[in-house]
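J.: Take the given structure of chain A and dock chain B to it, following the hints.
Quick note, the sequences are listed as chains A and B, same order. Each residue of the first sequence is one higher than the last, beginning at 647 in this note's numbering. Each residue of the second sequence is one higher than the last, beginning at 32 in this note's numbering.
Watch out, some of these pointers could steer you wrong.
Claimed, not checked - A few chain A residues that face chain B, going by a derived Cβ cut-off under 10 Å, partial list only: (1) Lys672; (2) Gln676; (3) His677; (4) Gln679; (5) Thr686; (6) Lys719; (7) Tyr755; (8) Thr759; (9) Ile789; (10) Ile790; (11) Val1081; (12) Asn1083.
Just so you know, these hints were derived from the structure itself, not from any lab. Note that the structure is a prediction, hence the values are computed from the model and not measured. Don't be surprised by glycine CBs; every beta carbon is placed ideally from N, CA and C.
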Amino acid sequence: MVMKAKSIKYIIVLMLVAGVFAACKKQWDQHDQITDPSLTVNLLQQINSNADLSTFSQYLAKSGFDKVLASSKQFTVWAPNNAAMKNVDPTILTDSARLSQFVSNHISYQLYTTNLPQPTLRVKMLNGKNETFTKTSIEQAGIIKADQYASNGIFHIIDRAITVKLNIWDYVTNTGAANGKGITADALAEQAYLLSQNYSYQDTSLATVISIDPTTGKPILKPGTGIVNKNHYTDNTANVANEDNQYTFFVLTDAGLNTQISAESKYFATSSTDSTYKFTAFNVLKDLAVPGVYSTKHEPGTIAMPDTIVSPLGVKVPIKMSDTLRSYNASNGRVYIMKAINFRLVDKITPLKIEGESDPPVGTPGSWFGRTDRGSNTYYRIKNDPNGVQFKDIYVEGNSTQSLTALFYAGYPIKSMYSCTYNVYIRAINDTKTVYNQQINFGAPNAASLPYTAVALNNYAEVLLGTYTTTKYGYNSMFLVNANSTTSGSNSMTMDYVRLVPILQ
Amino acid sequence: MHNFTKSLSLTTALLLVSVMGFAQQSDTSAAKKADTTVVVKNKIKSGIYATGTILDATTGKPLAGINVSVFEYSAAITDDKGSFSIQVPSYLDVLLISAQGYQTKEVPLKGRKTVSALLYEDGYTSVYNVAKLPFGTQALNTVPNAVTTINVQGAWETNNETPDTYLQGKVVGLNAIRRSGTQLEGADLFLRGYSSLYATNKPLIVVDGMIYDNAHYGSSLIGGHFNNPMAHIAMNDIDNITVIKDGTSMYGTKGANGVILITTGHTNDLATKIDFGAYAGYNFKPTNIPVMQAGDFRVYLSEMLKSSGLTDSQIQAKPYMNDAVNSGTYYNYHNNTNWQNQVFHNSFNQDYYLRVSGGDNIAKYTLSMGYGNNGSVTDNSSTVKYNTRFNAELRLTQKLSLDANLSFDYNEQNLFNQGVSPKTNPIYLALVKSPLLRLHQVNATGAESPNLEGLDIFAVGNPVTIVDTAKEVAKSYRFAGSVNFKYQFNKYTSLQTLLGVTYDKVRESYFVPRSGTQPDTLGNPYIIGNIGAIAYSRLGSQVQRLYSLTEDTHLTYDRVFGRIHHVSVNVGSRLISSESQDDYAKSYNSPTDQFLSVGTGNTAVSTGGELGDWLWWNNYLGVNYGLKNRYFLSYNMAVDASSRFGTQVPGALSIGGLNYAVLPSVSAGWLISSEPFMANINFITLLKLRASYGLSGNDDIGNYAARQYYVSQNFLTAEGLVRGNIGNPALQWESVKKADIGLDVSLLKERLGLSFDVYQNTTSHMLINEPAYAASGFTYVVANDGGMQTQGIELAANGRIINGTKWKWDAGFTISKYRNKVTQIPNGSMTTSYAGATILTQVGLPANLFYGYKTNGVYVSDDEAANSGIKEAQANGSLLQPKGGDVRFVDVNHDGIIDSKDAQVIGNPNPDFTGSISSTLAYKRISVSALFTFSKGNQIFNYMRQQLEAQSGFQNQTLAVLNRWRVNGQVTDVPKATYGDPIANSRFSDRWIEDGSYLRLRTVSVVYNVPIKQKAFKSIKVYATGNNLFTLTKYLGYDPEFSATESVFTQGIDTGLEPLFKSVQLGVRLGL
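Pulled out of the complex, with its shape left as it was, chain A reads as follows (with noise of 0.2 Å):
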């Protein structure tokens, strides 16, 4: 009986630890159980799992997307079910670059759920394309079944194979080559322009230090590393390389192009034909690069086509969309090659307007004035008019402490002027007791391009000078020029602004 009750004993000690050793692991497993199936499978299993995106799953395989599937990131899978996948150009599917471009096409990083998008979001797939997504939709593929869950990510299925898009650049730069796309032959004149702005530098950061120099210290480059390609024409107007932007992109054919520049080419007279026609091309094209999205058929995330646009530089841009020759859906935006765009001379032939206060942006400090040692002398002021509007001017006049000299004047440096004759306005305001008088030259302080005018007192008007013309574009000089005299008071000069107003023919 004794035994007996020892042996009960050890038994229930057993059976508590065995128990308890059981239960420490439960009270967590329990806790941490994951109750929901889909939660304990990958993307990829899941993926793999749906009979409707076998064909999909199988490209997947194929491209080695399905070890990124199954890796510890998050993604979010738009899958093209059978039927969508049966519509695929098969070329697509055997060539192995653009069957992972074509997978990469469907896949994004992070989970992009249906209630997300208010009303659309842009989600940038693997490949590095950018995708306007909605409640219902990816691009033009409709969800069909939408956030299906898995432990690493979601996935919708989708009833269309998203394809792949060039971006804006790469389509009107693209000649054609390849599966017919690009501008082809009635816009190459703009294609040719686009190319011709390419360039190339060594960026210090990206190259490859081959050592120091010891003398200036500066680090000598490999050669041929680092090398970054940009364009002019992008870096001045929109970048439409860019993925991550989006961009309505007009195109002109070269008939539209042509006219164009024919009639803004005089004001871009220079010693070669070649560079008058750059700088030509150049005030054409500048303003056809737009931010947005604009359509006529009301897609998700696109901005309804108005008749005209204003662009990023101020242009109005006259859109007839009875000119548009066709369009494409670029990845980044929207391409529409127009026949013709006629914009309003008035509006790319326009003024040049020079700050009185504005400070020479090239030379030493002071050489652009008649003397270094004058800054007692200068005043910039910030006054308002007698309408309460504030205006910035420059006020020159000599003083109790220090006089100035006769032909003083202050030089303003203008960075292009188009080729033609101006009409010459002024706001100067004199607020002294003193009319006194100042000249506007052009080129050189003597040069006498205008004559000696009176400054009237508080005049807060324009005052027209009279007309000036250069005879070719680029850049030039002007110069406010004070009265021959030493006289304090008589001697002084004021300038708010000079605007220079194209006569247009």
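T.: What follows is chain B alone, placed relative to chain A:
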């Protein structure tokens, strides 16, 4: 052995001495000369005799040579057949039966002429066990109070305990909650629930007659650490622990929470005796909390980064997302590190203990020394302890004797921040640190350096750096010594004076390195003078000091009149004068991590501290009256004065301008089983009914709260004084009315003992931080405006299930329950907060309820959330619309807004009941003891899990977050991952309240008493002990037992202290 001060009579005393002598000898196999001198005064008046037989309870065989006596009357010894015949004054007297190696027992004749008695072996848990009470020893069957006594005898089988942790499961009604797994950290002792909100709830500790200061002075620099004064009492030194739960009025305003009397080793043996123990132990690191591994974590991280507002490409640009092996950082971020394995390690313990005792008729001594070096489960944390004790008893003259008890104890602990120290707690860091990261530095090709990685990309420190480099050391020592002079005027009267001194010092040095640690931003510019300074390395130094003098004189008169009236009177006066001091210095940013001392910090050196100085004068009276050994009456009273009391206490006794606390209590006991009418009810050996009612007090009201004081204040680098408080001259002690009714029963020839108690403790004048008018410049004033009540029941049972000659099985069971109710606080309700939890204290409810939001799963979809009509109020008053994946908080008042008005009681940290199951199975020389402890129905706020499932940042989380909500329509109870958790899904709610019930195999020990053949040793015992070997719990944390602080308001809040761990040890005890 000053406990002989009060004795029932010389005879009884000497008998008890002999019993205790046997108790000590019982560990040796060599027979001792029996000290059985019985002083018998024969006053034979009549010739009536009682006869009987004494049998061995185990074998049933007659016992010869057993002493049978009638107090102050006659004595006899049993013959070979175990029978005796003794002359008795009447057949209503009581026979006292005792013998070496057997229990001492009282057998009432109850009118019978013939009695028989069974004797159990010495040490058997019975109603005749002797309790060591304040004025001497007394057999439990005559005590009218609720008393539990534990015959510790050095507790040789276990050495990893401090006295407070040892008490766990040993005393019914005493809930000992171990604070953490850190060695020496001790336990919070709650005897019969609690009686106070802001004053102490600890029972009074009395060691060898001297009150042992168990408070702590100043808080530790080391997060979560607690300098435990109880760690300065070596467990091996303890002979007996007696816990008195009611009728503690003689301790006046320190007795409100009961009294624990500890008696350390004394000898009655004149022969020199040497005991040496050596132990080796092994500590098992805790089971890891399952957190995510690298793969799951990276998926989670993607979601978190996305919700922090990063774009896909920014996320993919993060180095841990770049899977290219040649990226240069591949090896830094493509790992799967189990950080818990890096921080937790198994470790070893070693302990040695030596006790030498002996002496002669004039002087007896007990000298002990111990050394221990104990590891802990956190790497590089350990404890070294040294203890010495010298107890001596000197008979200076025939009438004058002197007892000396001197102990010196030194502990040195290497620690780390624990609890809510999210930047420096290595355990917390190990849980939240990303598994993607690596322990050591690594170069682009994967070659690893021995240097540790520093602060990681998620701004989480390296826990291993902290464990390796931080130096957080607490060194403490305590000298506690007393001498007790006793002058015996005559047989009945004695006077004794105890002089005691306690000197305690804690020195802490604190250094958290710069490398691998997330810096702090220093806050208060007015104090520190550096606005927004960054604290990289943190340095500190602290000294806490206590100096206390005790003087205790009392007069004892003890006499039995006509063998019917037993009167004992003790009147005395006790004066304790203490001073404490706490000084600390903190600084930041030492030049390098090789500079560890506070003086090398460059930034914001600040100093501070506290001074205390107090005096307690306790005048006490204890009158015990026993009638015919059946009726017991006890009256206790204290009249206390204290420097802490205010000068204008309303209604208090005032003498000479001093206010006195007058605290009387009365207890009565009726030994029903000794009544003649019980003579024929044989299955009841003993039946005693007890009742007590009285007052006791709590003087832990702050040294200076009754006065008005000023504190120094640095304002913009100018030093000045500002008012420190609003003095309350009416401030008084808390007073606790204690009522207790108890029943002690011994049945079936003592094989089953039961003890049952019902009690009620009612606190009035409870200390409260009463809200003050804003215009006063203070947030509160300390006042006696609260009240609470604790009711409870207790049941203890023990019995011998198997009582054979080879096999013995003893089992014990205790269970207790208390119910607390606040009866009065200003405004009827208040809340406090700790570690993000809100605790409600409200009239009519228990004092410390978790008060937060109830939840009902997670919104399945955006539509469902929108249709629910619920909005979430933010701290700034604005409303947020919950979406799919947000937690569905319950809108209690149906106003459509989830705000503080929807908070409700979501949990109660007080257990439904606690208790223990003990079992000792002995077979010949082997005995196996097991102690199970349990707690049922207590709820825990799992702060750690809140951090580990908050899903609000880049911290690693538990595997439960794999179930997180991701898409509309997904049904789950885990909300979505959102950076910063703007809608506060992780707020304090019932999601984090868990059932903390547990059943634990607290200790199991096997003792083998090795048979001795050679004479070099007197005894050899081998011990194998396991601690915490298994715990049955549903709690989702390392361990369901912990205590962040002693405060009532922080009970049941798991802040992530070092968990209790499993350990095993082997020990050997040699007796020379």
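J.: If a hint holds in the structure, say so; if it does not, say that too.
T.: Status of each hint after checking the structure:
Hint status for lysine 672/A: holds, given a least beta-carbon distance of 9 Å to chain B, under 10 Å. Using the Cβ-Cβ criterion of 10 Å, the hint placing glutamine 676/A at the interface with chain B is satisfied: the shortest such distance is roughly 8 Å. Interface hint status for histidine 677/A: upheld, as the beta-carbon distance to the closest one in chain B is roughly 6 Å, under 10 Å. Hint status for glutamine 679/A relative to chain B: holds, with the closest Cβ pair at about 8 Å, below 10 Å.
Checking threonine 686/A against chain B: minimum C-beta separation of about 9 Å stays under 10 Å; hint holds. At its closest, the beta carbon of lysine 719/A sits 6 Å from a beta carbon of chain B; the interface hint therefore holds under the 10 Å criterion. Because the closest C-beta pair between tyrosine 755/A and chain B is about 5 Å apart, less than 10 Å, the hint holds. Annotation: interface hint on threonine 759/A holds; nearest CB of chain B at approximately 5 Å, less than 10 Å.
Using the Cβ-Cβ criterion of 10 Å, the hint placing isoleucine 789/A at the interface with chain B is not satisfied: the shortest such distance is roughly 13 Å. Contact between isoleucine 790/A and chain B, as hinted, is not supported at the beta carbon level, the nearest pair being about 15 Å apart and thus beyond 10 Å. The closest approach between the C-beta of valine 1081/A and any C-beta of chain B is roughly 59 Å, which is over the 10 Å cut-off, so the hint fails. With a least beta-carbon distance of about 60 Å to chain B, the hint placing asparagine 1083/A at the interface is violated under the 10 Å criterion.
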